[in-house]
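Peer 1: Single-letter residue listing:
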Amino acid sequence: MKILKPLLTILLTVMWLSPLYAEKNSVVIGMQLEPPNLDPTGGAAAAIDEVVYSNIYEGLTRFRADGSVTPGLAKSWTISNDGLVYTFKLQENVKFHNGNNFDAFDVQFSINRARDENSTNAQKGLFKGIRSVDVVNSSVVKITLSNPNGGFIRNLAWGDAIILDPDTADSAASEPNGTGPFKFSKWIKGDRVELVKNNDYWGEAIALEKASFKFISDPTAAFAALMAGDVDAFPVYPAPETLAQFEADPNFNVIVGSTEGETILSTNNKSEKLKDVRVRKAIAHAINRQAIVDGAMFGFGTPIGTHFAPHHPDYIDLTAQSNYDPEKSKSLLSEAGVSDGLTLSLKLPPPSYARRGGEIIASQLREVGIETKIENLEWAQWLEQVFKGKDYDLTIVSHTEPMDIGIYGNPSYYFQYDSQEFRNLMNALNLETNDQERSKILKNAQKLIADDYVNGYLFQLAKTGVANSKLIGLWKNSPTQANDLTGVSWSN
Amino acid sequence: MFSYFFSRLKVLIFSLFFASIIIFFMIEIIPGDPASFMLGINAEPDTINALKKELGLDVSALERYYNWITGMFIGDFGVSYTYRVPVSELVMARIGVSIPLALYAILLSTLIAIPIGIISASNHGSFKDWSFMGFTQLGIAIPNFWFAMVLVLIFSIYLKWFSAGGIPGWDEGFFINLKALTLPAFALALPQASILARIMRSALIETLSQDYFRTARASGLTFFQAVKKHAFRNALIPVLTIIGLQFSFLIAGAIIIENVFFLPGIGRLIFQGIVQRDLIVVESLVMLLVFSVIIVNFLVDMAYLYVDPRLRVKK
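Chains as they are written, first to last, in the numbering used here: chain A, 1 to 492; chain B, 493 to 807.
A hint or two may mislead.
With a cut-off of at most 30 Å between alpha-carbon atoms, the simulated DSSO-like pairs for lysine-lysine come out as follows [what the hints assert, rightly or not]:
1. A:Lys388 with B:Lys652
2. A:Lys197 with A:Lys328
3. A:Lys328 with A:Lys24
4. B:Lys652 with A:Lys128
5. B:Lys545 with A:Lys390
6. A:Lys388 with A:Lys270
7. B:Lys652 with A:Lys197
8. A:Lys186 with B:Lys544
9. A:Lys476 with A:Lys75
10. A:Lys186 with B:Lys721
11. A:Lys388 with A:Lys197
12. A:Lys390 with A:Lys373
13. B:Lys652 with A:Lys390
14. B:Lys652 with A:Lys470
15. B:Lys652 with A:Lys24
16. A:Lys197 with A:Lys95
17. A:Lys89 with A:Lys197
By construction, these hints were calculated from the structure, which means they are not laboratory data.
Whole structure, please, built from the sequences with the hints as guidance.
Peer 2: This is how it looks when you write it as structure tokens:
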């Protein structure tokens, strides 16, 4: 028993040694996944952008919370009449965090690096149409395209198009050096990344002195961390089953917004069993979207009828075209001659929308006589088997890249949709710079892929976050995967 | 004595070499490619090839094995595919969480178990004994991740004495980190302490019935003096064996506890490495675990020599 006394003394001392206080000019943001590195130009992991986008690094243009694109390091720009030459006027008196000056040569370097033959940029396609990048003078840079591209200014707003300092580009993965309002401070691997305010920031000063991103993968632990006050906000909160509890608690705000994630039942259009459009149409009518949103997503998510984000001005609601109608589905199947004994593989990646949604879809398909063989895959296996190997019938994935309807124009993309008509639309879209005409083309493209029942279009992934109710200025929607903290502050 | 060590060393080297082959090739055949994992679904095929070249994945598995094994001799475990920093650096940072956590848990479980074992054994069959043994039965039966969640609920969410997880990092001071590790260490220690207490109790009960103990009591020592001087030491051998086994279990087996308390330890690094196909990290970590199990067993053998003088004479 003697030993218990010193033990208790030690424990009690330890317990109160560090006071639990919250400084109100710092913020701790929770994230489920840790970024593998901090270089947004060298990998696809969304977690990289969620830490660095607009906080550490900036590009020529940038996304705003409402999805619009505004000037970033480029103050303004002009586009030649043929739509080929973009002349950017750059912000002046901008410094990188290491003290180096930012100028047109940095822009030339960064964009050429991204489109280089040996580039490891995950979104190299964004830079594909660039013919040359020329420095006019230290604050003007001219980019020439080989074909007009109406979406070019938007492409430059992606995290993959941020501007790096040539001197430190090679160490961007571990010691990011950007122009943004926050400087990288330290990274305790597996635990958190810390940022501090950049006092020499060229733009509007930010309210926060310090920001940390804390990585908590377990949903239960995420709940506990919010409740205990270890994190101030979890912008993409992984435990939707506890959201009701936060909603009832005045200390927290539940933030429900939209993302760019079209969640679809991807269908292998070249699979023997699925190349008949009637079968794909039958699957579409067998699916009850609202049941999936309620059952798999706790009611969060907007049903979609095509591959396009509902908050986008050009979106058209085509959900009625593939409404839930099991009888129609059955008759379509018998018309196609597969009414008895159609068995399809359903390969599911790890996210809960896929695993939970997959179970529900399997039971909905069973009702019209389609059996599925569910196989749960890790991401790496999914990429190998489904995405690269195209060895699947059905899978569920959320396509989170903004404005990515163009993937339907690539016949070797994993759902193997091969339509010259669609490709023509995309070519026309790229050449078109008139907004009204672009909108018309985009609407036609949405209709075409709905008419061809390329995939089962399920719902737009919602962004459900939880934050301390005194924290203001977090992004509600997610036009790109980011936690832009420039407008975040504490209210009193 | 020397020839004994030499033969042990040969066995050690052979088993490490054999383990390295099994580990490397077992992990290499897992389907999935780290480069495509990192670049995601919008990447162009030539981008993936460029990254593979950059990571050194374009050479044959045999060549990679050779580079890995020869590098290890000079402490170079290679560079992590996803984090792009040397594996040794990653591992060192994680060891700074896992080893202190394991040691803390062992310390706690020993401090809890030994007094309980002694009290139960000396009151063998009494109400005290029964209730303590009841509690240890419960301690073994309760899954430690559940116990961990209960601890978080009470001490973090309601009382707000501890944070719900994470670790500040050792450059922020010693006690603040010790505090952060307290709940996880308790959660880990509970089942260990329960097992240990039961073993301590039964080992002690056995020594209490030995002749030398009766003689010690007959020569005028009080019960506790006799326990302290004679019985305790003799009962320690099985206890030490268990502590040794538990240590390697704690380092590798803390993965669930590390998840509940979001601690950046070895267990989570292995898990992340497998998911991201950061094969070189997984290979090196598994190798390291094999190595540490062998070393810990060796240290336990050494500890026997210390508690049991007879072993020192025999060899």
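Peer 1: Against this structure, judge whether each hint is valid.
Peer 2: Taking the hints in turn, this is what the structure says about them:
no.	hint	verdict
1	A:Lys388 with B:Lys652	violated, 49 Å
2	A:Lys197 with A:Lys328	violated, 60 Å
3	A:Lys328 with A:Lys24	violated, 59 Å
4	B:Lys652 with A:Lys128	violated, 53 Å
5	B:Lys545 with A:Lys390	holds, 24 Å
6	A:Lys388 with A:Lys270	holds, 14 Å
7	B:Lys652 with A:Lys197	holds, 29 Å
8	A:Lys186 with B:Lys544	holds, 28 Å
9	A:Lys476 with A:Lys75	holds, 26 Å
10	A:Lys186 with B:Lys721	violated, 52 Å
11	A:Lys388 with A:Lys197	violated, 42 Å
12	A:Lys390 with A:Lys373	holds, 16 Å
13	B:Lys652 with A:Lys390	violated, 51 Å
14	B:Lys652 with A:Lys470	holds, 19 Å
15	B:Lys652 with A:Lys24	holds, 18 Å
16	A:Lys197 with A:Lys95	holds, 14 Å
17	A:Lys89 with A:Lys197	holds, 26 Å
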